[in-house]
Amino acid sequence: MASSPSHDLNRVRAAARADTEVNFGFWAYLMSDVVLFSMLFLAYVNLSQRYAGGPTPGEIFSLHGVFLETMALLASSLTFGLAMVSLHQGKKNHIIGWLLATFVLGAFFLWHEVSEFVHIIHEGASFDRSGFLSAYFGLVGTHGAHVFFGMIWLLTMVAQVALRGLTPAIGSRLARLSLFWHFLDLVWICVFSTVYLPGLIQGGSA
Amino acid sequence: MFGKLTLDAFHHSSMIIVFANVIMIGTGLAVVAALTYYRKWGYLYREWFTTVDHKKIGVIYIVIAMIFLLRGFIDASMVRAQQASAGPGMEGYLEAAHFAELFTGHGTMMIFFMAMPFLVGLMNIAIPLQIGARDVSFPLLNAISVWLTAAAGALVMISLLVGSFSEAGWSGYTPFSGLAHSPGPGVDYWIWALQISGISTTLTGVNFVTTILKKRAPGMTLMRMPMFTWTVLCTSILIVVSFPALTAALALLALDRSAGTHFFTSIMGGDQMLYINMFWLWGHPEVYILVLPAFGIFSEVVTTYCNKRLFGYTSMVWATMAIAFLSFGVWVHHFYTMGQDPLRNSIFGIATMIIAIPTGVKIYDWIWTMFRGRIEYKLPMLWTLGFLITFVMGGMSGVLLAIPGADYKMHNSLFLVAHFHNVLIPGTMFGLLAGFYYWFPKVFGFRLDEKWGRHSFWGWLVGFYVAFVPLYMLGIMGMPRRMVTYDNPAWHFWLVIAAIGAMIVAYGIFAMFMQIYVSWRDREKNADLTGDPWGGRTLEWAIPSPPPEYNFAVVPEVRDRDAFMEMKVNNRAYERPAAYEDIHMPKSTPLPIVIAALSFVFGFAYVWHIWWLAGLCVLGTVAAVIVRSFNEETEFVIPASEVEADEDAFHRRLKEGGVFEHLQYIEEYGDERTPQGKFVEPTTRATSGLPG
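Residue numbers (the working numbering), protein chains in the order written: chain E, 87 to 292; chain C, 189 to 880.
Everything labelled a hint here was simulated from the structure, so no lab data went into it.
Quick caveat: nothing in here was measured; it's all calculated off a predicted structure.
It cannot be assumed that every hint is accurate.
[Said to hold, decoys possible] Residues from chain C that face chain E, not an exhaustive set, calculated with beta carbons under 7 angstroms:
#1 Val397
#2 Val428
#3 Val429
#4 Pro432
#5 Ala436
#6 His450
#7 Phe451
#8 Met456
#9 Asp459
#10 Met466
[Said to hold, decoys possible] Short derived list, chain E residues pointing at chain C, Cβ under 7 angstroms:
#11 Gly111
#12 Ala114
#13 Tyr115
#14 Met117
#15 Leu122
#16 Met125
#17 Tyr130
#18 Asn132
#19 Arg136
#20 Glu209
#21 Phe213
#22 Ser220
#23 Thr242
[Claimed, not checked] Calculated Cβ distances over 10 angstroms to all of chain C for the following chain E residues:
#24 Arg103
#25 Ser148
#26 Gly151
#27 Leu168
#28 Gly176
#29 Cys276
Built from N, CA and C at the ideal position, the CB exists for glycine as well.
Please model the complete structure; the sequences and the hints are all you need to start from.
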C-alpha cells in the first residue's frame, strides 16, 4: 500500500492530537496524578510549620539555586514545545535535537535538585529530622522522581524516532510525553509558590 | 542478603495458623498437581495467563473474588466464634494478636480482594458489551490490572506463611500502624497489598472512563447509556480522583516505617490526623465506588425482570452524579470525635444526611419500575428485593450515625459495625451476586441452577439478619468493636445469636458453590442457545453466549435507550450485513504476568527490607515496558470468512431456540406487559417511564 509522504505526515499529526482516544486516557491518568500531588501538597501545608526544633525553611532554602532550577525546567517546556512543532513539520532530526535539549535541561534540573538535597542532608537537616523536612523531601522528591521517569521516557522516544522514524504510534506517544512534561512544569510552579516562596519570605523567623 | 527475613518468620506460635498453612499449601499443591496431570498448563497460559480479552479478564477477577470471599468469610466466622466463646469467665480460643489479625484481614480482604475484584470483574464483562464495543480502550493495561490484583492478593496469602498480617484494623490508623507500635512485618504486608491493588484499580478507572466516553457504538448518546454503564462511569471517575489519595497515604506511611520520616508519627512534628484525613478522603468515595455499580446492576435487573423501561431514568442519572459528587464532601464523619469544632462536625453531618436524598430517589425509581410490572421472580430479582428492604434499614442507621451528637455515643461500637455491614452486604454483595446470576449465562453459555440459588439467597438473607441485628443491639448496649474478650454477661447471649447467623450465611455460601457445580454438571440442559435468556433490553443480549472474541460481528447502531429492545420491537434485531469485514484484535502477551510477578516480588522484598531485590524488580519493570514499546505487531486479524461462519452458527442456534417466532410476537404486541399478562402497544408507552 503506497501512500505519499504528506499523507503519512497527516496520519502522524492526527495521532498526535490531544483528543484521540489513547491521549484522552492519558489525560485521565494525569488527573489521578493531580490528586496524588495534591495529597503531598496537603501534607506539606499541614506540616510546614512543624520544625520540631530543627531547621526552618529560611535556613536551608537558597533562592539562587531554586531560580536556576526553575528556569531550566521552564526552558525545557519550551524545547519540548519546539519538538512538537518539528513533529507537525515532519522534521525528524529536529525532533531528536529538541528532545535531547529537553533531556539536558531536565538533567540539569535534576542534578541541581539532588545536589541541593545532598547539601541539606549534610547540614543535618535530613528527612527524618522533622515533620516539615519529611513533607519537603516527600513533595519535592516525588516531583523529582516524575522528572526522572520522564527523562527515561525521553531517551526511549529519542531511540524510537531515530530507529523507526515518524510513525503514527510514535507521534501519539510524543503527544503524551509532551502532556506529561508540561504537567510536571505546572506542578513545579505550584511547588515553587507553595514551598520555596513562602518559605523564603517567612524565612527563619518562625 | 535477605534483609530482615530469617527462619523465625516461618515460626508460628498458634496451631490454628499452622493448620491454615497446611490447608493453603495442600490446596495449592493439589491444584498444581491436577493441572499437571490433566496437562492444562499450556491451555491456561495461552487462553488465560496471557489473554487481553475483557471477558476472560472479568472471569479471572471473579475467580480471585470468590477465593477471597471464602478467606474473608472464614476470618469473619473465627471472629464471631471467638466472641461467642469468650466473655465473663471464658477466654475464647484465640490469642489477642491473632484475633486482631483476623478482623484486620477480614476487612482488608472483603473490601480490596472480594468486593473490588468482583465489581471490576462484572464491569469488565458487561461494559464493552453494553456499549457495543469490541474491547476496552486499553486491553493490555486491563490485563496488567487484573494480574496486579492477583499479585496483591498473593501478598496477603503469603503473609499467612511468612511472618504475619497487620493487627492495625483494615483502616490502619496511625500512630498504631507506625513502626513504634507495630514493629513486625504485618503492617508492611498490608501496605503493599493495598498499594499494588490500589494502583491496579486506578489503572482500571482510567481504562473505563476512557472506554465509556470514547468507545460507545454510534447513536449511543450519554443519555442513551444503560444505567449500569452510567454508574460505572461515575465509579470510574471516583476511582481516578480518589484512589491516588490512598496511594499517597500508604506511600507516606511506608516511608515513615522504612525511612524514618515523620509524616504520621506522634513525635518530631508528625501528624497522626493527617493520615486519617487522607485515608478517608479516599475511603468515603470508596464506599460509593462499591455501591454505585451495584445500583446500576439493580436497575438492569429490575427493568429486565419487570419487562418495563426504567422509571425516571433521568432522575436516576442525576442521583448517581449527585452521590458521586457529594461523596467527596463527607469524609470527616468518620472521625467526629477527633477534636474538630462543632461547626465543622455540623457541616459534615448535614452533608452526610443530604446523600440520603438522591439515594431515596433511586429507591423510589426502582419501586415505581416494579409498580404494575409483571415481575418474574428469577434469582437476580430476589437479590434485588432483598437489597431494597435490607438496604433501606442500613441507610436509616447511617442517617442516625450522621448526627454528630449521636455518633459521639455510637462511634467505635458494634452499632457502627452493624451499620456498615447493613449497607455493604445488601448494597454491594447482593448487587454483585445479582449481577453474577444475571450475566453468568452471557459469559459461559449456560444458566445457573434456580433451586440451589434460592437456597443461597435465603441463607444469605436470613443469616444476615440473624448475624447483624444482634450487633445493633450490642452497640446500643455499649459494646465496643474489636474486643477479643469482655466481662459484661449481658452481651454474651447476643454474640452467640450473631455466631449462629454467621453459620446460616455459611450455608448460603455453600449453596452458591453447590449451585455452580450443579449448573456446570447440567450445562447441556441449562444451555442458553439464543444469547438472550432473560428477554434482555440492552446490547449485550444481542450477541451469542458466550460472545465471540470480537463481541460484535457488526458494530450496532443505537436508536433508543433500551437499544436491543428497540431492535426487537422494530424488527431489526439479528440483522445481517451484505458482507462481513476483517476484524483487528489485540494479541495476547505475557507482559502483564511478568509485571505482576515483579510487583509481587517487589512487595515481598520491601516488607523484609531486601533492598537489592526490590531495586531489581523496579528496573525489571521499567525494562519490560521499554522492550514492549518497541513491539509494533500487537494486533492480529480475524478474517471476514471466520466471522461469517460464526454468525451462521449463531443464526442456526437462534432458529433452534425459537427466537424468530418470539420476535414476531414482540413486534406485534410491544415489549411491556400489563399485570394481566397482555402486551401493550409500543406507541402507548409513556417515554417518561410512567406506568401506562
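To see whether the hints hold, each was checked on the structure:
1. Below 7 angstroms, beta-carbon pairs count as interface contacts, and Val397 of chain C has one with chain E at about 5 angstroms; its hint therefore holds.
2. Because the smallest distance between the Cβ of Val428 of chain C and any Cβ of chain E comes to about 5 angstroms, under 7 angstroms, the interface hint for this residue holds.
3. Annotation: interface hint on Val429 of chain C holds; nearest CB of chain E at approximately 5 angstroms, less than 7 angstroms.
4. For the restraint placing Pro432 of chain C at the interface with chain E, the shortest Cβ-Cβ distance is roughly 4 angstroms, inside the 7 angstroms limit, so the hint holds.
5. Taking 7 angstroms as the C-beta cut-off, the interface hint given for Ala436 of chain C holds, the closest approach to chain E being about 4 angstroms.
6. For His450 of chain C, the interface hint holds, the least distance from its beta-carbon to any beta-carbon of chain E being 5 angstroms, beneath 7 angstroms.
7. For Phe451 of chain C, the interface hint holds, the least distance from its beta-carbon to any beta-carbon of chain E being 5 angstroms, beneath 7 angstroms.
8. The restraint placing Met456 of chain C at the interface with chain E holds, with a minimum CB-CB distance near 4 angstroms, inside the 7 angstroms limit.
9. Taking 7 angstroms as the C-beta cut-off, the interface hint given for Asp459 of chain C holds, the closest approach to chain E being about 6 angstroms.
10. Of the supplied interface hints, the one on Met466 of chain C holds, with its beta-carbon coming within about 6 angstroms of a beta-carbon of chain E, less than 7 angstroms.
11. Here the hint on Gly111 of chain E is kept, as its CB sits about 4 angstroms from the closest CB of chain C, short of 7 angstroms.
12. Checking Ala114 of chain E against chain C by beta carbon gives a least distance of about 5 angstroms; that is within 7 angstroms, so the hint holds.
13. The restraint placing Tyr115 of chain E at the interface with chain C holds, with a minimum CB-CB distance near 5 angstroms, inside the 7 angstroms limit.
14. Here the hint on Met117 of chain E is kept, as its CB sits about 6 angstroms from the closest CB of chain C, short of 7 angstroms.
15. Given the 7 angstroms rule on beta carbons, the hint for Leu122 of chain E holds: about 4 angstroms separates it from the nearest Cβ of chain C.
16. With a cut of 7 angstroms, the hint placing Met125 of chain E at the interface with chain C holds, because the nearest CB-to-CB distance is about 4 angstroms.
17. Against a cut-off of 7 angstroms between C-beta atoms, the interface hint on Tyr130 of chain E is violated, since the closest Cβ of chain C lies about 10 angstroms away.
18. Taking 7 angstroms as the C-beta contact cut-off toward chain C, the hint placing Asn132 of chain E at the interface holds, the least distance being around 5 angstroms.
19. Using the Cβ-Cβ criterion of 7 angstroms, the hint placing Arg136 of chain E at the interface with chain C is satisfied: the shortest such distance is roughly 3 angstroms.
20. Contact between Glu209 of chain E and chain C, as hinted, is not supported at the beta carbon level, the nearest pair being about 17 angstroms apart and thus beyond 7 angstroms.
21. At a threshold of 7 angstroms, the smallest CB-CB gap from Phe213 of chain E to chain C is about 5 angstroms, leaving the interface hint in force.
22. Against a cut-off of 7 angstroms between C-beta atoms, the interface hint on Ser220 of chain E holds, since the closest Cβ of chain C lies about 4 angstroms away.
23. Satisfaction of the interface hint for Thr242 of chain E is found here, the shortest Cβ-Cβ separation to chain C being roughly 5 angstroms, below the 7 angstroms cut-off.
24. No beta-carbon of chain C is positioned within 10 angstroms of the beta-carbon of Arg103 of chain E; the least distance is around 13 angstroms.
25. For Ser148 of chain E, the requirement that its beta carbon stay farther than 10 angstroms from each beta carbon of chain C is met, with the minimum near 23 angstroms.
26. Distance to chain C confirms Gly151 of chain E as a non-interface residue, since its nearest Cβ pair spans about 23 angstroms, more than 10 angstroms.
27. Interface exclusion of Leu168 of chain E from chain C stands, the closest Cβ pair being 23 angstroms apart, more than 10 angstroms.
28. Every CB of chain C lies more than 10 angstroms from the CB of Gly176 of chain E, the least distance being 20 angstroms, so the non-interface label holds.
29. With a minimum CB-CB distance of about 15 angstroms to chain C, Cys276 of chain E clears the 10 angstroms threshold, and the non-interface call stands.
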